[in-house]
Amino acid sequence: MAEEVKLLKTWSSPFGLRIVWALKLKGIHFDPIDEDLSNKSSLLLQYNPVYKKIPVLVHNGKPISESLVILEYVDETWKQNPLMPQDPYERAIARFWAKFGDDKVFLSIWSVFIKQGKDQEALQEAMENLKFLEENLKGKKFFGGEKIGYLDIALGWLANLVSLFEEIIDIKIIDKERFPLLFGWIQEFSQAPIIKESWPPHDKMLTKFQIMLQNKLKLAAAETN
Amino acid sequence: MHELCSHRHSTENITLIKKAMAKSDVKLLGAWPSPYVMRARIALNVKSVDYELLEETLGSKSDLLLKSNPVHKKIPVLIHNDKPICESLIIVHYIDEFWSSGPSILPSDPYDRAIARFWAAYLDEKWYPSLKGIASAQGEEAKKAAVDQVGESLALIEDTYVKLSKGKPFFGGEKIGYLDIAFGCFLGWLRVTEKTSGVKFLNEAKTPHLAKWAVRFCADPAVKDVMPETEKLAEFAKLLAKFRAGPPK
Numbered sequence: 001m002a003e004e005v006k007l008l009k010t011w012s013s014p015f016g017l018r019i020v021w022a023l024k025l026k027g028i029h030f031d032p033i034d035e036d037l038s039n040k041s042s043l044l045l046q047y048n049p050v051y052k053k054i055p056v057l058v059h060n061g062k063p064i065s066e067s068l069v070i071l072e073y074v075d076e077t078w079k080q081n082p083l084m085p086q087d088p089y090e091r092a093i094a095r096f097w098a099k100f101g102d103d104k105v106f107l108s109i110w111s112v113f114i115k116q117g118k119d120q121e122a123l124q125e126a127m128e129n130l131k132f133l134e135e136n137l138k139g140k141k142f143f144g145g146e147k148i149g150y151l152d153i154a155l156g157w158l159a160n161l162v163s164l165f166e167e168i169i170d171i172k173i174i175d176k177e178r179f180p181l182l183f184g185w186i187q188e189f190s191q192a193p194i195i196k197e198s199w200p201p202h203d204k205m206l207t208k209f210q211i212m213l214q215n216k217l218k219l220a221a222a223e224t225n
Numbered sequence: 226m227h228e229l230c231s232h233r234h235s236t237e238n239i240t241l242i243k244k245a246m247a248k249s250d251v252k253l254l255g256a257w258p259s260p261y262v263m264r265a266r267i268a269l270n271v272k273s274v275d276y277e278l279l280e281e282t283l284g285s286k287s288d289l290l291l292k293s294n295p296v297h298k299k300i301p302v303l304i305h306n307d308k309p310i311c312e313s314l315i316i317v318h319y320i321d322e323f324w325s326s327g328p329s330i331l332p333s334d335p336y337d338r339a340i341a342r343f344w345a346a347y348l349d350e351k352w353y354p355s356l357k358g359i360a361s362a363q364g365e366e367a368k369k370a371a372v373d374q375v376g377e378s379l380a381l382i383e384d385t386y387v388k389l390s391k392g393k394p395f396f397g398g399e400k401i402g403y404l405d406i407a408f409g410c411f412l413g414w415l416r417v418t419e420k421t422s423g424v425k426f427l428n429e430a431k432t433p434h435l436a437k438w439a440v441r442f443c444a445d446p447a448v449k450d451v452m453p454e455t456e457k458l459a460e461f462a463k464l465l466a467k468f469r470a471g472p473p474k
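First to last, the sequence lines map onto chains A and B. Per this note's numbering, residue 1 is the first one in the first sequence, and the count goes up by one each step. Per this note's numbering, residue 226 is the first one in the second sequence, and the count goes up by one each step.
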């Protein structure tokens, strides 16, 4: 039976990008479907009725939602080029930091961006979070060790979004002096062949986030008036 | 004869020492009222793993906790051979994967695993926060909205149970599994919320399948000794509310 793999995502979502990377790293052919979230397709609503969000992986007609859940599904279904470590303890550590990335790091970096780097508390929190990640890279080229693994994919959004935010607000978040290992990892990860070819178009991303920031600022100004 | 006796004694001693060591190899930092801690305890019980429960007290965090979970400073923390594992669902995965020869907790099929993981995450991200939202709701309208939300999501979980159990006694099939543990741990606090809000959420009328499932779950050997009594939990809830409100002004 021919295998059918569809991926519902958007052109810019870092969460969708995780699955693109995982599938490409395993050499899996898939049919990418870019959604317009302001006009969600009936397919998306059917496949993810609970959250109505992307990404959704559809494998032989069966949908899976939530990017970290999808990542483990991909790794367990297609065994070539394993992404998760083998050892149960290493797996627990990888899962922990991936969740930390989504629950804490993402929000704190976003907060720095939205406040244009002017909020000391937000900056402080982001720096503390990044320090934990920096420690994690000691003695390693990638979070996964010698090659890209689950945790690199889960944290990969850092390698794209942070420099974009830095460009827009003109403030360094991941400073080479302060976070030498993270800085180095970003270069290594970004340049890896499959990762490099999958980045969303830079200018389009820049515009998108500039507009988002402007809208947030307008909203904030309207609220205080 | 004398030599045989002393040899037998020393092997018995070695066995006793091994057992004592084995138990202290596995420590769980926790507290009896915590549903998240309960997940870890149930999982360890499913695998028949001996462990030492180190109870944290309300209002203070032990040095061991701060050292073992510097990121979140929260319980549960499983400490296995001095290596800490944090986050309840991650701990349950670890227990299932390390003690792989015991009864399995996660389903064996990758798609079923994905579905179980999806719903466990839903419980933590949406359902339990909405349950806690009832107590913190200010005013009648907000309370009604919070109650309605919990009711709706429970109806969804009832549906999910029917779909996933396929007529078997648990989410996991014939025996309790990942999603049973992920959801069942909240039953105590659900009952307390029913008491304090005066609204019944999980019963024959509203959630007939889950109502029966709850009885089976609580009776399971891996669960019954770690599920707190609703009365005791309700008393603790009062204590917790007082503690959070701070000293009287």
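You may find that some hints are simply not true.
Cut-off 20 Å, straight-line C-alpha distance, at most; resulting in silico cross-link-like pairs (PhoX-like, lysine-lysine) [what the hints assert, rightly or not]: (1) A:K131 x B:K369; (2) A:K99 x B:K351; (3) B:K351 x A:K53; (4) B:K299 x A:K104; (5) B:K272 x A:K99.
These are calculated hints, taken from the structure and not from any lab test. If you're wondering where the values come from, they're calculated on a predicted model, not measured in any experiment.
Verification of the supplied hints:
1. With a C-alpha separation of about 43 Å, the suggested pair A:K131 and B:K369 falls outside the 20 Å cut-off, and the hint is violated.
2. Straight-line distance between C-alpha atoms of A:K99 and B:K351 comes to about 16 Å, which keeps the hinted pair within the 20 Å bound.
3. Among the hinted pairs, B:K351 with A:K53 is consistent with the structure: their alpha-carbon atoms are about 15 Å apart, no more than 20 Å.
4. A threshold of 20 Å between alpha carbons decides the hint, and for B:K299 with A:K104 the separation of about 15 Å falls inside it, so the pair holds.
5. A C-alpha spacing of about 26 Å is found between B:K272 and A:K99, which places the hinted pair above 20 Å, so the restraint is violated.
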